[in-house]
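**Student:** So the chains spell out like this:
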Amino acid sequence: MAKKNPFIALLTDFGAADAYVGIMKGVIYSINPQARIIDVSHESAPQQIDQAAFLLWSAYKYFPAGTIFVCIVDPGVGSLRKIFCVQTSNYTFLVPDNGMLKFVLGETQVKGVYDVSKPKIFSHPVSATFHGRDIFAPLAARLSMGEKPSVFGRPAKASLNVELLVSVHPKRVMKYEGKVIHIDRFGNIVTNLLLPESRLPKFRCLLEKKTIEQQVLYYAENDSGDLIIVRGSSGLLEISIRNGSAATATRAKLGQRVTLELLSNEKDDHA
Amino acid sequence: MAKKNPFIALLTDFGAADAYVGIMKGVIYSINPQARIIDVSHESAPQQIDQAAFLLWSAYKYFPAGTIFVCIVDPGVGSLRKIFCVQTSNYTFLVPDNGMLKFVLGETQVKGVYDVSKPKIFSHPVSATFHGRDIFAPLAARLSMGEKPSVFGRPAKASLNVELLVSVHPKRVMKYEGKVIHIDRFGNIVTNLLLPESRLPKFRCLLEKKTIEQQVLYYAENDSGDLIIVRGSSGLLEISIRNGSAATATRAKLGQRVTLELLSNEKDDHA
Amino acid sequence: MAKKNPFIALLTDFGAADAYVGIMKGVIYSINPQARIIDVSHESAPQQIDQAAFLLWSAYKYFPAGTIFVCIVDPGVGSLRKIFCVQTSNYTFLVPDNGMLKFVLGETQVKGVYDVSKPKIFSHPVSATFHGRDIFAPLAARLSMGEKPSVFGRPAKASLNVELLVSVHPKRVMKYEGKVIHIDRFGNIVTNLLLPESRLPKFRCLLEKKTIEQQVLYYAENDSGDLIIVRGSSGLLEISIRNGSAATATRAKLGQRVTLELLSNEKDDHA
Chain A
1 MAKKNPFIAL LTDFGAADAY VGIMKGVIYS INPQARIIDV SHESAPQQID
51 QAAFLLWSAY KYFPAGTIFV CIVDPGVGSL RKIFCVQTSN YTFLVPDNGM
101 LKFVLGETQV KGVYDVSKPK IFSHPVSATF HGRDIFAPLA ARLSMGEKPS
151 VFGRPAKASL NVELLVSVHP KRVMKYEGKV IHIDRFGNIV TNLLLPESRL
201 PKFRCLLEKK TIEQQVLYYA ENDSGDLIIV RGSSGLLEIS IRNGSAATAT
251 RAKLGQRVTL ELLSNEKDDH A
Chain B
1 MAKKNPFIAL LTDFGAADAY VGIMKGVIYS INPQARIIDV SHESAPQQID
51 QAAFLLWSAY KYFPAGTIFV CIVDPGVGSL RKIFCVQTSN YTFLVPDNGM
101 LKFVLGETQV KGVYDVSKPK IFSHPVSATF HGRDIFAPLA ARLSMGEKPS
151 VFGRPAKASL NVELLVSVHP KRVMKYEGKV IHIDRFGNIV TNLLLPESRL
201 PKFRCLLEKK TIEQQVLYYA ENDSGDLIIV RGSSGLLEIS IRNGSAATAT
251 RAKLGQRVTL ELLSNEKDDH A
Chain C
1 MAKKNPFIAL LTDFGAADAY VGIMKGVIYS INPQARIIDV SHESAPQQID
51 QAAFLLWSAY KYFPAGTIFV CIVDPGVGSL RKIFCVQTSN YTFLVPDNGM
101 LKFVLGETQV KGVYDVSKPK IFSHPVSATF HGRDIFAPLA ARLSMGEKPS
151 VFGRPAKASL NVELLVSVHP KRVMKYEGKV IHIDRFGNIV TNLLLPESRL
201 PKFRCLLEKK TIEQQVLYYA ENDSGDLIIV RGSSGLLEIS IRNGSAATAT
251 RAKLGQRVTL ELLSNEKDDH A
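These protein sequence lines are chains A, B and C, in that order. Going by our numbering, 18 is the number at position 18 of the first sequence; the sequence numbering is gapless. Going by our numbering, 84 is the number at position 84 of the second sequence; the sequence numbering is gapless. Going by our numbering, 93 is the number at position 93 of the third sequence; the sequence numbering is gapless.
Just so you know, these hints were derived from the structure itself, not from any lab. Some clues are possibly wrong.
In this list, chains with the same sequence are indistinguishable; a pair is considered to hold if it fits within one copy or across any two.
As the list claims (entries may be wrong) - Below, simulated SDA-like cross-link-like pairs (lysine to any residue); rule was C-alpha separation at most 25 Å, straight line:
1) Lys-209 to Leu-105
2) Lys-61 to Glu-261
3) Lys-4 to Gln-34
4) Lys-118 to Arg-199
5) Lys-210 to Ala-249
6) Lys-253 to Arg-242
7) Lys-61 to Ser-127
8) Lys-209 to Glu-177
9) Lys-118 to Gly-235
10) Lys-253 to Asn-243
Predicted model only: the values in this text are computed from it and were never measured.
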C-alpha cells in the first residue's frame, strides 16, 4: 500500500458561482476526513487547455511532495476521452487525456500511467456531466488514503501529450516563435518563451502589430507607460505595463503569436 | 451533549471582494480551532433565494454526515426575519427564514427546528447588518463543538417553506411548467424540472420564444451549435449549447418560465 | 522560541484567475504541513492601499490570537520598498512598507518591527516579481512553526504609516471630511467616518453632488429607493440603497470625498 498523503490540490475551470468545487470537497472529506485540500485555481478559462496547462506547470513544483493534483478543464466530459492517473517521482496527477499535463511532462519523468476512466469499484452511479464529483473526487480521496492507482485502473499504453516551453538561448538562436498562454489578473501577458536569468541583449518582441524593445527586472522599474517585457516569476517572458493592463492595451488573446528577435550585439556595438 | 462534528459548510452571497467570508472563518476558528470549514459557494447572486436554494440542494447530500451548513443569502438581515436551526437525520442547517432550505425540505425529513434569532448567551454585541459574523458563525462553531441547538433557542412553531422540484414522468403527464433556477459559469441554464434517468421521448421545450427539441447525454455529444437539453448532474433539465453559453444565446434570466411538452410517441411512431 | 501558531491569514490583490494564491499555500504547507490557512480576501483592488488597509482593519480582530497575517497589495514588488514583520499583542503582520497596516496601527500598539526584506537564510533564489511565493510564504510558514522574527531580520528603525479613522462625535464637532475607502459586493459605499453607536442627530451627508439625509439601522428598513446611510458592521458610515447598488447610483469611486455635516438639534427642535 502506498504512503498516505493528505494533500489534494484542485485545478479546475469550475469558477466560484456554482457549487461544483464545494461538492467535490464534500465528496473528498466524506471519504477521507483527514484530507487537506488546496485550491490551485478554479478560474482557469473554460476549455482553454494551454492556460490550464500553464497554471498547473507554474504551480505544481511548490506543493508538498506526495500531493495529488486533480485537474479538470474538461470540455470532453462524458465522451470517450480517457481519465489518466499519472505518477511522477513526487506527485500524482488525475487528468483528462487532453493535454493539461503537457508542460509538466516537458520537464519531469513519468513513473506510471493508469487509465482510470471507469473505476469499476465505485458503487454510486456516474453522471455523464460531472466526473469531478463522481470519478475524480472519490479517486483522489482514496489515493490520499494510501490506495494504489492499480486498484482503480490498468496501466495505460497511450502516449501522453508533451509540449516543451520555448527556451531562449541568446548565444545560439536569434529568433523565437511563441504564443500567449495566460493573461493574469493584472493584465500581464504570459508567453511560452522561457527566458534566461540574465537580461536579454538588444531585442525586438512582436505581439500582433505592437513592438516591445525594453526589458525591466520588476514591474515598478518602468514609469513610462510603454509596453515592457519582464522575466516573470516562472521564468517566462511576460509583456507588461507599469500600473496598467498590457492585455487591455494590446487586446491580446490566448493563443496569439509572439515573436522574439534577438539583435546582433556585435553589429550594434560597432556600427 | 450532541456529537462533535468538525465540518462547517458555508453558502453565502458575500462574494470574494470583501472580507466578510474571511471574518466569519476567523470567528469560527477563534471559538473552535478544530473546526474544518468548506466553502460551498459565496457567489450566489445577491438576494436570489431560488438560486441559493438550488445550490444548497445540489450540494448538501455530498457532504460528510454531521456537517453544519451556514446558509446566508439574507436581504432581510437586521429586520424581524427569524434565524432557524433545522436538523435532519444527517445534517444541521443555520438559515434565515426565507426559503433557502425549500428544495432540501422537499426531499428530507425534519427532526427539529429551533428559533435561534436571538441567542442570548453571546456576550458580544450583535450588529444590525452582519449576522454572519455575530450570530451564524459563533453558533456554527459552538454546535460543531457538540453543543445542542436547544442551548441557543427554543423549538420553533413556524411552518417552514417547502418547494418541490417538478418531477417529469413521461408515462403520466404530458406538459410541465418550470422555471430557471440557476445559470452556471458555462452558461448552462438550470431549471427546476427533474428528469427521469432514461432519455425523454419526443418533446418540445420552450424558453421564452426559443424551442429546443433535442436531448443529449453529455455536452460534447452535440456539435451543431443548436440549443440542446441535458439531464444535468443533479438530475435537472438543463438548456445548453456545446462550447458556448446558452444563457447568452437566449438571454435567459433567473425565474424565467420554462415549459416542457412531451409529444405522443404512438402518434409519431405510426404517422 | 516563540509559541507555535498554526493560523496564517492571507490578504492579497492576487485574484482567483491565477495560481498565485495556490502557489503560496503550496509553499507554506511544504514547510509547515500543520499550518492552517485562512483566506481574508484576494480580490482587494489591485494596488489600492486604502481599500486593502480597510479590509485588514475590518477583519484582523476576529481572528484567533496568534494568527500571522500575510498582506500583499504590493505595486512596489522588486523595488527597494521594504518588507516588515510587525508584532502586536495578539498578532503578527507581514506587510510591504506601503501603508496597508495604517488603520490597524491607529488602534493597536506595536510590540516590535523587523525589517525582513532580505531574509538571508533562505536557500532558494528570490524572484523580482513574486515575493509572495519567495519571501512572504516561507517567512509565514517558519514563524508559524515558532521561529522568531529576529531570525529573519533586524529591528527596523523606520516609522510606520499610521492613519486614524475619523471619529464622529455629535456633541463636539459639527462637520467631518472623509473619503470612500471600499465598495462592497452589494454596492454599499464604505467611508472612513467612524459613527457612534447611537443614531446621528439631523445631518446632511454629501458625496459629490448627492445629498443623503436619512439614516437606517439595517438595509431592509428602508424601501424608498433613496440613498441612505447605515452604520456598517465595523462602525463605519456606509452609503446604501435598499435592494440596489449605491455605488452604481452615485458612480462613487475609491478615494472620493465624503462630507458629513451635523445640523444643530436645538435650532431644529425649537424653530
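**Student:** Indicate, hint by hint, whether the structure satisfies it.
**Tutor:** To see whether the hints hold, each was checked on the structure:
1. In this homomeric assembly, Lys-209 and Leu-105 never come within 25 Å of each other (Cα to Cα): the closest approach is 33 Å inside a single copy and 49 Å across copies.
2. In this assembly of identical chains, the alpha carbons of Lys-61 and Glu-261 never lie at most 25 Å apart, being 30 Å within a copy and 53 Å across copies at closest.
3. Proximity of Lys-4 and Gln-34 under a CA criterion of 25 Å is satisfied in both settings, with 10 Å inside one chain copy and 15 Å between copies.
4. In this assembly of identical chains, the alpha carbons of Lys-118 and Arg-199 lie at most 25 Å apart only when taken from different copies (22 Å versus 49 Å within one copy).
5. In the homo-oligomer, the alpha carbons of Lys-210 and Ala-249 lie at most 25 Å apart inside one protomer (10 Å), although the nearest pairing across protomers, at 34 Å, exceeds that limit.
6. With identical chains, the CA atoms of Lys-253 and Arg-242 are at most 25 Å apart both within one copy (19 Å) and between copies (21 Å).
7. In this assembly of identical chains, the alpha carbons of Lys-61 and Ser-127 lie at most 25 Å apart only when taken from different copies (15 Å versus 32 Å within one copy).
8. In the homo-oligomer, the alpha carbons of Lys-209 and Glu-177 lie at most 25 Å apart inside one protomer (15 Å), although the nearest pairing across protomers, at 48 Å, exceeds that limit.
9. Taking identical chains as interchangeable, the C-alpha atoms of Lys-118 and Gly-235 lie at most 25 Å apart only when they sit on different chains, with a minimum of 21 Å there against 38 Å within one chain.
10. For the homomeric pair Lys-253 and Asn-243, the shortest alpha-carbon distances inside one copy (20 Å) and between copies (18 Å) are both at most 25 Å.
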